Each structure stands twice: as C-alpha cells, then as structure tokens.
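Construct the complete structure from the given sequences, taking the supplied hints into account.
In case you want the letters, here they are:
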Amino acid sequence: MKKRVLIVDDNMDSLMLEKDLLEIAGFEVFEAKNAADGIAVARKEKPAVIIMDVRLPDMRGSKAAMILRQDKETNDIPIVFVTASVMAEGKEEINAITNSGFIGKPINTRIFAKEIRQFIK
Amino acid sequence: MKDKKKNKELDARIYAESIINTVREPLIVLDQDLRVVTVSRSFYDIFKVKPEETVGQLIYDLGNKQWDIPKLRELLETILPQKATFDNYEVEHDFTTIGRRTMLLNARQIERGIGKERIILLAIEDITERKLSENMLKESEERYRRAFETSLDGLLLLDKQTGTIVNTNPAAAKMLGYSNKDLLGKSLNDVGVLKGAMDFKKDLAKIERAEPVSYKDVPITTKEGKHIDVDIYLIDRARVAQCNIRDITERKEIEAGLEKTRKELGVTKISEDTAREFAESIINTVREPLISLDQELRVVAVSRSFYEVFKVKPEETVGQLIYDLGNKQWDIPKLRELLETILPQKATFDNYEVEHVFATIGRRIMLLNARQIQRVSGKERVILLAIEDITERREIEKGLEKAHKKLQELAAELKRATRAKSEFLANMSHELRTPLNSINGFSEVLYDETFGPLNEKQKKYVNNVLTSGKHLLLLINQILDMAKVEAGKMNLSLSTLPMKSLLHEISLLVADMASKGKIEMLLEIAEDLPDIKADELKVREIIYNLLSNAVKFTPEGGKIGMRAKKADFGIEVVVWDTGIGIAPENAEKIFAGFFRVDTPYSRVTEGTGLGLPLSKKLVELHGGNFSVESEGLNKGTQVRFTLPIISKKAACDEEKSFDCR
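As given, the protein sequences belong to chains A and B, one line each in that order. Each residue of the first sequence is one higher than the last, beginning at 1 in my numbering. Each residue of the second sequence is one higher than the last, beginning at 122 in my numbering.
In short, the hints are calculated from the structure, not lab data. Treat the numbers as computed from the prediction; the structure is a model and nothing was measured. Honestly, I wouldn't trust all of these hints.
Claimed, not checked - Below, simulated DSSO-like cross-link-like pairs (lysine-lysine); rule was C-alpha separation at most 30 Å, straight line: (1) B/527 / B/610; (2) B/581 / A/19; (3) A/19 / B/591; (4) A/91 / B/527; (5) B/327 / A/91; (6) B/455 / A/114; (7) B/523 / A/91; (8) A/91 / B/536; (9) B/591 / A/33; (10) B/519 / B/455; (11) B/578 / A/19; (12) B/455 / B/527; (13) A/91 / B/610; (14) B/526 / B/323; (15) A/91 / B/578; (16) B/639 / B/591; (17) A/63 / B/605; (18) A/19 / B/580; (19) B/680 / B/639; (20) A/63 / B/542; (21) B/523 / B/327; (22) B/580 / A/114; (23) A/114 / B/591; (24) B/542 / A/91; (25) A/63 / B/610; (26) B/578 / B/605.
This is the structure we're talking about:
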C-alpha cells in the first residue's frame, strides 16, 4: 500500500514541487492550503506523515501541530516542518512539538523524499 | 592693664582658632620640631584621625605613620627652610584608612614674635574627588556606578513615583543592616530612615526645583534596632531621587574631642601680636576665599584668594561695607538675610547656599560657612565668612547627569535597533528563501530529467539557472552568518574533531577543482596533530573556504598546499598558494567584505567575497588567530590560523554562564 502524506503549505510552488517529488517516490499525496483545512484532512485521511509550513495564512504551523497533538486521532502522526524560516529565533516553537522534524527551504530535491520517509515509523 | 592685654591676646587667639574651624579646607599647624600644635575640624573628618592621636605628635607619625610621605618630608625639611612660602605642592599618597588621595598643599613658615621658634601652617586641599568628578564626566556611567558602589555614604536610589528603593550601594546596606535585596521595593520609612519625618512628594518637588533638601543630625533605626546619627541629603538624579546617608557618629565624637583640645590649648602662651600674625597667616594660606567683618559689616580682612576669585582690589575692599564691594556687586538679598537675620540668632551657620550674578565674574553658586565671634574684650562682634565656589562642581554634576541620561537613552535606542535588525534579518532570510526554493527546486528537477529528457541547450540553460540559484543561496547564508557573528548571536556547538582525517577529507573536496585547473596540491599534516574540541560545521567551512580560495586565485600550473601542526595551545594550519597574491594596498580591504581583486582570474572565479572575512570571524569566535600574508602581487598568499584545543566557548557552555549568551 502506498504511504499517505499530507502537505500543508500556502505557497503553490512549494506545494507543487513537494507533491511531484513525493509522488515520483511513490507516495499518495493530500494537500491543504491553510492550517484549518490541513487539520480537517489529517483527521479524515490519517496520513503516515504531515509536511507543515510554519507561516500559514490562518495560524502558525506550530499552533496547528499543537491542535493535532491534542487530538487522539492525530496525536502520533509525525510532523515535518518544511520552512524558509531557518533562523534560530522561532526554533523553540518547533522543538516544543513532540515527534517532529525540520527541513529548511530551499529543499534538496534529490534527497527530499528519502528525508520524509525517515520520519515514518 | 594686665587684664586688658591678656584679653586682647585671648581675642586674637580665638580669632585664629575660629578661622581654623570655619574653613572647609583641612589645616594643620606644626611647631619647629614638626609636631602638631593644632588641626582644623575638617582635618579630622577627612583624614579619619582622632584628636588624641594627633596633637603633640610628630606629623609623620600621625594615624599609625600613615603620614610618613617622602614628598611631604621634602617639603617640610628641604623646601620650607629655604622658602617660607610654597603653594600648590601636589602630593599623591595611599593612606591605609582612606585610600589613595591626591592633595594640593599650601605651606607657610612663620617666625614667632618672641624667641626664635618657627611654626608651620599647612593647608591641604584634597583634589582626589575633583579629579574623580572630572574623570566621571569623561567616562560617565561606569565611573558613576563605581563611585556609587564605593561611596562611604549610604546611597539609595528612589523611584520618583512610589518613593521606593530601586537601587542601593553596599554602604547603605551595611549601615542599615539589610541586604541589598531586602532594601529593594521598600520605602525609606520601611527601613527606619526618617520615620514619619519626611514628606517625599514635597521633598521631591523641592529637589526638582534644584532646592537642596537635607536633614541634619537625625537618628535612623537599623534592622537590629540600633540608632545611628546621620545627615541625609536628597539629590535629583533625572529619573530617580538619590538619598545620601552620612554616618556622623564619628564626627560628633571628634567634635567633642576637639572641644577638649581647645580647652587644653588655652594653656599655651602666645602673645597678642603672634596670635594676630598667626590669624593673618591662616587667612592667607587657605585657598578658600575668606572674609572677616566687624559688627557694622565692614570688611576687616580678606584672604588673598578672595581677591583672586572675586576680582576685587585690596584698596576697594578693606574698610568697606560688604554690600558695597566691587561696585555694590555684593548687595545680595540672601547674604543680607544670613548676616542680618540668621547670624544674630545663631552664631554658627554652615553650607548656606547663595546664587548670584556678579558683574565681573558672572553667575556663581556659593556655599557660605559663617561664624560670629564675641570678643572677650569689649562688646564687639566679628563675623567670619568662608566662601566655597561650587559653580563648577554643580556644572560637573549637571553634566554628569545629562551624560547619564543620554547614555540611558542611547542604550535603549541601541536595544531597539538591535531588535529591529534581528527581525529584519529573519524576515529577509525567509523572503529570499521562498522564491529560491522554486528556482533551485524546479531547475534541479528539470536538470535531473525526472519528467523527461531535455536537449543539450535546454540542459545547459537550466544548469546555469541552478548554479546561479545556489550561488545566491550561498551569499544569503554568508551574509546572515556575518550578521550573526557581528551581533554576537553565533553559537558554537562543540564536539571532538579528529583533525587529521577531517583535513584530508576536506582536501578531497577541492582536489577535483584543483586538478581541473592543472594545479598541484601538497599536504603536510603532522602525525602528532591533536584532535580539538570545536564546532565541526564551522571548522569545515573555514578550511573549505581557504582551500577553494587558493584554487580560485592560482593560475594553471601553480601550486597550493596545506600545512598543519601542533602549536602551543592547540593547532596551527597554513593554507598557501603560488597564485596572484595580494598587493600591499589591498591588504586591509580583503577583510571588508565583497572585495574582489579585478584580475583576469576573478572573472573565471566563483565567489561571494565573503569567504575570507567570514572565516576570520569564525576562527576568532573559536578563540583562535587568523592572519593573511602575501609578499605582493603574483607572489602567492599564505593564510595562517590557529584553533585552541578546547574552544573558548566550551568552558562557557558547561557553566551556562551569562556572558556566553
């Protein structure tokens, strides 16, 4: 069975690039353009891993992650923050989320799918 | 007849004594054997000696031989015997009781009327504080803080809104018996100072109008319930009010002792003339302007310094009504109040502040000490006025306050600016990376032909896009790193680095590039090269930067190399090349950032111009040294750097000390 991944990102280019790379690598990809949709899709589809941008239009990705962590249905899904905010400031909010990872933008397209796969148990 | 003569003698002596005790300047009278005859009240205050240890002693023996000062011996034993008058003799000395002091001495040798005895008058001006004030203005805050910390007076800084203590010095804590921490947030009333005796708002309003507020000889209660007699002054310090508490227990004891000495002194016999001469000498020795008036307020005598400071002539002064001096310049309402209202009721009045604009010398702020002496013979009174010009001191204080305020504003501004800069950098980083994610990501996928083949031209073009995108990313990263180092925000994450294998590994990364340019690479890595504790990513970056620079700036057929060896405190690495070198005039510019020499090679080289300055900063961050040597253009370059065995930050990380953040 294909591994299911959810990408939450409001930047269309990022979304498309990550989706293409993961589909080529054999994932089934769901997408959401804001945190609220992302949370709804996560609850419905229960993906094996969630790729989350940090600056989302309706709330910060870390806040969305906290909401997912409080829900029994989604609290153990690994969350990988893929973000252009790579400075030390703001890293704490990501580190506070259990079972999460971090990949800085620009991504390395040659190893991206492999990196994501490592977060799946 | 005999009685009359005796009374006159007594008058002259009392007059001399009064002068000694009116001036603020410490004054000391010695006999010809250099034994102390008498000293002024202020001498005891300032030099912390007791009357019983002073009078009759050899001056050098005073206060446990603290006064055995070579320069003083020179003055008393060599200079004075030849020259009866000597002014502004500067002496610096470490006193065990009061620390290092700088003093200016005025000395007079007076031949006594009867006998061949001599007496010596020494007026001492302590200019330590003055020098300190001047320095304080220059070095402002740090100095102020230090003065605050070391002041013998207890100092409490009070919040103007609430009247509570926001800062204290150690002396205040010691005096009151509380810890510094305990004092914070308390009101003066809470800690036993001026219990119920002060209206803070009222006093605050006064000091903000620059009116002095002081409480003289009031008792305070310490934490243990002990009572101490103190003088309290309030001073306006811009955002806070400063409360000075001076312990006067000792001074009161001294004054009591002095009274005793004065009675004993009555036994010594001095003729009237000698006493009068003695009084005159004192007046002319002290630096403080001094004026003596008869009961009609006519000038009897003034000190030499009075003429100098107030620019009046002797012939316009003696015998004149004080108010008429220097073309009625001295007709000052507050002076009239002191002489006509206060003094008749109170024979002694100290630190009476008068501000006046003199036609000749401009605005002056003066502190007056006044004494009214009743003559033993007859009903006449004599008034002595000692004048201290505090204009300059006030100005220094004001300047200091202003500088202090300005410094605080600057510090706040700097803090704001730093925060704004950090936010700007974080935003810039984010905003630049987002489009680069598309540029690099899509061109990489295209170049890899993931979704189908490209023709040769297309592949070449998309590779150019990718290369430029990566170059741009490198630039962004290096600019941000530079900014981080400069802001002190670059943190090192230390681990043990196997240096020998690390250096070989990095050299492999540039070996390809070197052989493409037909450049030979030589490695001399010492067998005993130790491992070091440092930030691996940063050390890799430094070495890669230097090796790739060597390749970039060396023409075909040249040589590059790396030497590494154990050094005194760690390792030393030299990266050298036979390339284009550095012209002497560019030696400084290479660290400025974005500086690239315009040579035929710079066109073919890929670089940001930030590699060298960033490497230098990273080496220094580790506690190492970094230097670049070149004998000139086309003579090659040598970059030498050291790294300690354990980087500076290591100790910090372990202690989690505040300084390291």
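We went through each hint and held it up to the structure:
no.	hint	in the structure
1	B/527 / B/610	27 Å, holds
2	B/581 / A/19	26 Å, holds
3	A/19 / B/591	22 Å, holds
4	A/91 / B/527	36 Å, violated
5	B/327 / A/91	53 Å, violated
6	B/455 / A/114	91 Å, violated
7	B/523 / A/91	42 Å, violated
8	A/91 / B/536	22 Å, holds
9	B/591 / A/33	28 Å, holds
10	B/519 / B/455	23 Å, holds
11	B/578 / A/19	28 Å, holds
12	B/455 / B/527	35 Å, violated
13	A/91 / B/610	14 Å, holds
14	B/526 / B/323	24 Å, holds
15	A/91 / B/578	42 Å, violated
16	B/639 / B/591	25 Å, holds
17	A/63 / B/605	28 Å, holds
18	A/19 / B/580	23 Å, holds
19	B/680 / B/639	9 Å, holds
20	A/63 / B/542	26 Å, holds
21	B/523 / B/327	19 Å, holds
22	B/580 / A/114	25 Å, holds
23	A/114 / B/591	21 Å, holds
24	B/542 / A/91	18 Å, holds
25	A/63 / B/610	26 Å, holds
26	B/578 / B/605	41 Å, violated
In terms of the numbered hints stated before, the structure departs from hints 4, 5, 6, 7, 12, 15, 26, listed from lowest to highest.
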